[in-house]
Amino acid sequence: MREGSLSRAALRAAAIVLALLLATLVMLAAHAPPLAAYANIVLGAVGSWDVAANVLVAWVPLLLATAGLLITFTAGLWNIGIEGQITLGAVFTTWMLRGLQASSVPPALILACAVVAGMVGGALWAMLAGALKTFGGVNEIFGGLGLNFVASALNLWLIFGPWKRPGVASMSGTVPFPPALWMVTVTPQSRLSISALVIALLGIGLVYGMLRGTHFGLRLKAVGRNEKAAYLLGVPTWQHMMFSFALCGIFAGLAGAIQVTSVYHRLIPSISSGYGYLGLMVAMLANFNAALAAPVALFFAALNVGSIQLPIVLRQDSSLAGVLQGTLVLFVLLAQGVRQKLTGKGAT
Amino acid sequence: MNVELRSIRKTFGTIQANAGISLSVPSSCIQGILGENGAGKSTLMKILSGFFHPDEGEILLEGERTIITSPADAIRLGIGMLHQDPLDFPPFRIIDDFILGRKGGLFPDRRRAGKELKALAAQFGFDLDPDAWVDTLTVGERQQLEILRLLWLGAQVLILDEPTTGISQPQKEKLFATLKSLAGQGMTIIFVSHKLEDVEFLCDRVAVLRQGQLAGTAAPPYQTSALVRMMFGKDVALGARTAAQPGRSILSLEAVGIDGARLQIRDVSFRVCAGEVIGLAGMEGSGQSLLLSSCAGLTRTVAGHVGITDCDMTGHSYHAFMRKGVAYLPAARLEQGLVPGLSLAEHFVLSEGRGGPFIDRRAAAAAARERIDTYNIKGAPSHPVEALSGGNQQRMLLALLKKELSLILLEHPTRGLDIESTLYIWGKLKERCAQGAAILFISADLDEVLQYSDRVLVFFAGRMSPALPAEGLSVERLGELIGGKGWGAFARETARA
Amino acid sequence: MKSFRTLILILAVVLAATAAWGQTMPAAGSSLTIGLVMVGPYNDQGWSQANYDAVQYVTNKVAGTRMVYIDKANSADRPGTTVSQLAESLMTQGAKLIIFSSDDMADEAVKFAMAHKDIFVIMSSGSQVWKDGKTYQDLPNMINVMGRMEFGKMIAGVAAAMTTQTGQIGYLGPLINDETRRLASSVYLGARYAWTNYLKKDPAKLKFKVTWIGFWFNIPGVTSDPSQVADDFFNSGYDVVVSGIDTTEAVTEAVKYAGQGKKVWAVAYDYYKASEMAPNVNLGVPYFNWGPAYVNVVKSAMGGSWKSHFEWNAPDWKNINGADTTAVGFNKGGALSATASSTVDKFIKELAGGLNLWKGPLSLQDGTSYLASGKAATDQQVWYLPQLLQGMEGLSVQK
Amino acid sequence: MSLDVILVGLAGVLTSAAPLLFGAIGETISERAGVTNLSMNGKILLCAMGGFAATLATGSIVLGFLAGAFIGGLVALVLAFASITLRQSQVAVGFVLTLLCRDLSYFLGNPIMGATGPRLSTLRIPLLADIPGLGVLLFRQDIMTYLSFLLIVGVWIFIFRTRPGLLLRGIGERPSAAYVRGANVNRLRYLYTIVGGAIAGLAGPIYSLSVKAGWKGTISGLDGMGWIVLAITIFGGWNPFRAAFGAYLFSFLQWLGLVLQPALPGIPSQVLQVAPFPLMILTLLFVNIGNAEWVERSLARLPERGRKRVVKILRALNVKPPSALGTPFEKE
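Residue numbers (the working numbering), protein chains in the order written: chain L, 512 to 859; chain F, 5 to 501; chain E, 333 to 731; chain B, -16 to 315.
Okay, chain L solo, but in the shape it has when bound (with noise of 0.2 Å):
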């Protein structure tokens, strides 16, 4: 077993340096400075308190995402449909403070509402490809895609139409609302939210718990990974998907209100800011292990954050962070499949 692992931890470093050469490979041929790139980004992540406090909020988000997925993930589904979820989590947050707003309510209170509102819609929509999954046999890859268009489209519906500000609809998104309704920051002009980042990790938190110390995490494993012997073994299986689902879809939700309440303030159009998709290579290259989740998310955050620099100093395009995320997942990928092929272990 401690071989095991040392064999492992060199193959994912060689993935690391790879994909650290490969990176660095098409940063060569776009005649982009390899080494400043790099500073920059490192610079651009933690060069100063602000911006380590941006990474902060980016990883918020995209931490829930991650910690939703997990769940999903361990009960075998690839729940792609996750960026709608976000989206619609987003939406119930913004219709529940629209409703509000104008009321008597305490804007604690508002506030409160409007984040459950949020879970609820992610849990709604996300029960939804559920349900297809587990009644209709749709793939949930399928399934998901299809309503990842649908929420993205609904959103933008709302945008424009029914939710648009009277002045001038626009891409800018709904009117912001009032700053009783945001989620209080660290400092006012700060967008870190100290509540929002508490409700991460709790949430990550929580999935660790879940799927390590629990009956219901020890049978979501079975259904993930047998489900017709779990079954037989007494496990109910269609119940625990949907739920995997419904706890997915609350923790998109919740990284939707998030975004509404703690960083934008409003519905924008492209509410959902991929941390779905974001997410789920974060599961991939923490190997589906929830104690990675946190540090492998900050880590991506970090990227995403840092790689503003890229155009601000070197004019380099930044989409050179995903390049680099896609790439890192990419060879962690190969490297298992290098080591299971040497210690003759098929995949699981």
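Keep in mind the hints are simulated off the structure, nothing from the lab.
Glycine included, C-beta positions come from ideal geometry on N, C-alpha and C.
Treat each hint with caution, since some may be false.
Heads up, simulated DSBU-like pairs for lysine-lysine below, C-alpha to C-alpha not over 30 Å straight-line [stated by the list, open to error]:
| hint | chain 1 | residue 1 | chain 2 | residue 2 |
| --- | --- | --- | --- | --- |
| 1 | E | K539 | E | K691 |
| 2 | B | K295 | L | K739 |
| 3 | L | K739 | F | K382 |
These stretches of chain B come out as covered by chain E in the derived footprint (C-beta under 8 Å, 3 or more residues) [claimed, not checked]:
| hint | segment |
| --- | --- |
| 4 | 10 to 21 |
| 5 | 221 to 230 |
Across the chosen pairs, the derived CB separations fall in these ranges [as the list claims (entries may be wrong)]:
| hint | chain 1 | residue 1 | chain 2 | residue 2 | range |
| --- | --- | --- | --- | --- | --- |
| 6 | B | T41 | F | R116 | 30 to 36 Å |
| 7 | B | S306 | F | P344 | 19 to 25 Å |
| 8 | L | A623 | E | W649 | 53 to 59 Å |
| 9 | F | T228 | B | K291 | 47 to 53 Å |
| 10 | B | I140 | F | G129 | 32 to 38 Å |
| 11 | L | K852 | F | T228 | 35 to 41 Å |
| 12 | F | D139 | B | K291 | 14 to 20 Å |
| 13 | B | A40 | F | H387 | 25 to 31 Å |
| 14 | L | A623 | B | R280 | 40 to 46 Å |
| 15 | E | W649 | B | I(-11) | 43 to 49 Å |
| 16 | B | E313 | F | R275 | 43 to 49 Å |
| 17 | L | F799 | F | E177 | 53 to 59 Å |
| 18 | F | H387 | L | A524 | 26 to 32 Å |
On the provided structure of chain L, position chains F, E and B as indicated by the hints.
Then chains F, E and B, alone, in the frame of chain L:
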């Protein structure tokens, strides 16, 4: 074609599957290969048919050393293998399945191939419609199709791996007649089986394998006891029958109807009492699996009533049946019974524990260790189940059974297990009976059915016989019933019921 | 607790706002780093590049200025970032003046302006500090800059009407809002004016249709495909398509149809060099020339005369394409015929002479009166146009 | 609206469906061999960018298309290596590739943003183009659209009528049986994954050199097309004709959306644009629902005759994916 194998060796990891086997088969001969599961029969045949390369040894065809690189290479050389589960394409039309693999131009001439298929089929009295779909065929018909296909490709050596497992008696007779006629035409037939009677009936000579080695050969007239000794290396003592003391009624079926994918079961009624063991016999796909799974609520009944201990459970799910003390053990252990990736301890927690949301790891490990000891499983609580051997996996399944059970349903409980494990498992099952559970099991092994059942239900093409007392039932009679003979006698009984 | 903090926050904002009232910003001095935030790629040959080129123009014209920029400032391209955060990262590069160059950054620009009172903020195409606007906010450090594209669009309308042979003009619209209605209607006004005044044709014979794609550019599966919209126009007898979106499908599709021997034309949008594209079909481009306005504002920041205001700049009527003077221009394309070209020049002269097409009688699409006879529209009426005008086909309001 | 206008509109539908067809049929080939290539969305972008860049650099449209096919094949090769040789999850690798290729196309494509390049021209087929109706609809297209017609028929014939096609279906359906019959399953899977990837890769240059000529990075309007292509592949039930139907339906609904815009002011413009997706979901639902447990349970309650009829309908609807789709092959 004369086939000769010279000191073939093949090792998988630490297991020596073939430890220097030499065998020579002349043309026009039907060579039987006998042996227990794991004796090395399949490996040897897969080496001959190009699936594996031997670590050592050589193959001679017509006296010439030949290296066979792949199954395709083998068929090119005239060696065709009929696998136990025919390697065909269920969603294809027969004609497509027939053509696939044959070399030729870009556009296969379907019409001509169809004609040739029909001509070949007629030669052996088979009836195959080229435009029908493969998945509508019985296993026997699929075998026929494979044989014709191999002949069409020019096979001169035909290897058959356990061909009689899934087919009906008339089909078996037809198959044997075909094989004899092929041998008469100069073909070399290698017939792999663990069924003594088939081998004795059909083969011109027999080679017996045991633990990867050639244990001996024999020629007719065969002495069954000698063959058995060669197969097992010792005389086999089978456990003594114990008569059951039937108790309260556990399972009752009333005029039950079931719709399977290919066959229907209608109007089945019977009753099972505590302590009873009921064996379900029949060719694979005759309806016994459907019935067994509907006794667990896994397959819906479309008519009648299913009762468990006086409760009407018709239409309820398996989990409702479970709560009534029903357990179902599938044949495919790792595919359906156990969860790869989970440890033994986790399996026990899964099947047992509900107390509170959190798992008490220490208690779970202790409980697992106790069960592992009781069931004599070779493995630790933290081992993943896929690391267990087949016999240990079966023990694991038994160990997972809840303490209080009223009805245990088993599919092929000892398939692929050695004699020792078989005896152990039946010992455990009988303990359960003594504690008041009833057992229904399916087995392809007629001896096992007769040995352990109190009553036997025979299935043929969706029909179920009345429950026959095992005592006084012979293997021959059972074999006939399975093959569809002698059912007239039941007509009166079913009419009365 | 939470509400308490919020209260403090509001108080702080209010205090800061009142404190800033009437104050001018301190001068930035002899050197200034300008940070430009663009919504699209800096080299999109459209809206964003027009701003990019303008700031470069500023750095050439005003000594001591330097540009830093961030492009693709939208949450789809930069997941998890906010525009104000991106602006802050420009600040770390020394930017003291930030230009938010797209309407969709309005909210973030306001947030940013409030949070960084020492930073000069230009919010292009916005109306936040327009005292007469509907959404006025008191932000001493913000200036709104916008060009009167209405004129450019009217000229485009004239070019289109002078060229069309079928009398059918299509308008490739983005999403429906006040601004896009205003611009589409301007094209119509220009076209109708040319149709009736220069060509002396029956206004009822002029077909003008707006098809909205639903966004500023194509998002597969969510918006209509602008190529398909343009194709549909050309296929159903509309021989001139005027682009209102950020991408150039109208021109590229016209090239395709011209290649098939069809007589079709297109009018581009946003970027002055777009007139150089496809000279066989291109009638020209109404474009923004942000440079001169930015120069003025930048100078005021450096010199200490910065004062929050809204400016809606008209073209330089002496030279509508004066790179140093005009705010909005019209570059003629290769396909504009000599007659049409001279008519366009004539029209520009009339505009310079005071011609106002935003003058009654004008009715809205649903028939209600928009402007009474002889009454000229106020800036507010133009800016907040509630519907398309009567005579135009197409949706007025997003359902 | 006159008939002619409608015909021309429909001809446009055929054109804009061409890249979808190349994508979906390429994917069909790959999936028929048992390999799901989820990288489509990023791949189309990368191939569009690469194809356009190649054409810009060389001036040759043909080289642009070749570049697209090459990149498509290369991406497929990475997937094949990871999933066939290294036995990693096809879905995982494909998904990573789709994000990677997308960002790669944006990063590498930055220098050619907005450049104008050559564009595929229309090729009237003499005589045929003058047939009333049909001529307008079918024979005034560009070469790739003609090729897309040929592709549908050609690939259908290949899969369902030829000997190698039979083998292709075999390796996706039951690789062990195909192996016994002489197929080098993994080599063939490599081959078909790469060929399928290359064909799908052509979708990129069809966009950047014809349907949406040019490269505009993130605002090219291509991000999302690959997911649509994958949806069409599933909708098409691994049959080129049904895939073609799906692609045409999608384009048709897009067109309908803008044609009907003024006629149906009450309907939000997004409705017809996303209509294909609920439609796809519903199709998948109908196709798969027969396998669901609860359907079986409710069916058991029906009277005999009705049950048989429903079962028959459900069986007829049922389209099964290649049985070995997504699973690596190992000879025992």
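Item to check | Whether the CB-CB distance between W649 (chain E) and I(-11) (chain B) falls inside 43 to 49 Å | outcome: Once the Cβ atoms are compared, 46 Å apart, the range 43 to 49 Å for I(-11) (chain B) and W649 (chain E) holds.
Item to check | Consistency of beta-carbon spacing, R280 (chain B) to A623 (chain L), with hint 40 to 46 Å | outcome: holds, 41 Å
Next on the checklist: 26 to 32 Å was suggested as the range; check whether the CB atoms of H387 (chain F) and A524 (chain L) agree with it.
Outcome noted: Since the Cβ atoms of H387 (chain F) and A524 (chain L) sit about 29 Å apart, the hinted range of 26 to 32 Å holds.
Item to check | A623 (chain L) versus W649 (chain E) beta-carbon gap, inside 53 to 59 Å or not | outcome: holds, 58 Å
Item to check | Satisfaction of the hinted span 14 to 20 Å by the C-beta atoms belonging to D139 (chain F) and K291 (chain B) | outcome: holds, 19 Å
Checklist entry - Taking 30 Å as the top limit, are the C-alpha atoms of K539 (chain E) and K691 (chain E) close enough? => result Answer holds: K539 (chain E) to K691 (chain E) is near 21 Å, not above 30 Å.
Checklist entry - Regarding I140 (chain B) and G129 (chain F), is the given constraint of 32 to 38 Å on their beta-carbon distance met? => result holds, 37 Å
Checklist entry - Between K852 (chain L) and T228 (chain F), does the C-beta distance stay in 35 to 41 Å? => result Roughly 48 Å apart at Cβ, these two residues miss the hinted range, so it is violated.
Checklist entry - Does the alpha-carbon distance linking K739 (chain L) and K382 (chain F) stay inside the 30 Å limit? => result Holds: K739 (chain L) and K382 (chain F) sit about 25 Å apart, inside 30 Å.
Checklist entry - Does the hinted range 47 to 53 Å hold for T228 (chain F) and K291 (chain B) at CB? => result holds, 49 Å
Item to check | 25 to 31 Å as the expected CB spacing between H387 (chain F) and A40 (chain B), which holds or is violated | outcome: Roughly 59 Å apart at Cβ, these two residues miss the hinted range, so it is violated.
Checklist entry - How does the Cβ-Cβ distance of S306 (chain B) and P344 (chain F) compare with 19 to 25 Å: does it lie in that range? => result With a Cβ separation near 20 Å, S306 (chain B) and P344 (chain F) satisfy 19 to 25 Å, so the hint holds.
Comparing the model with each earlier hint shows violations of hints 4, 5, 6, 11 and 13; every other hint is respected.
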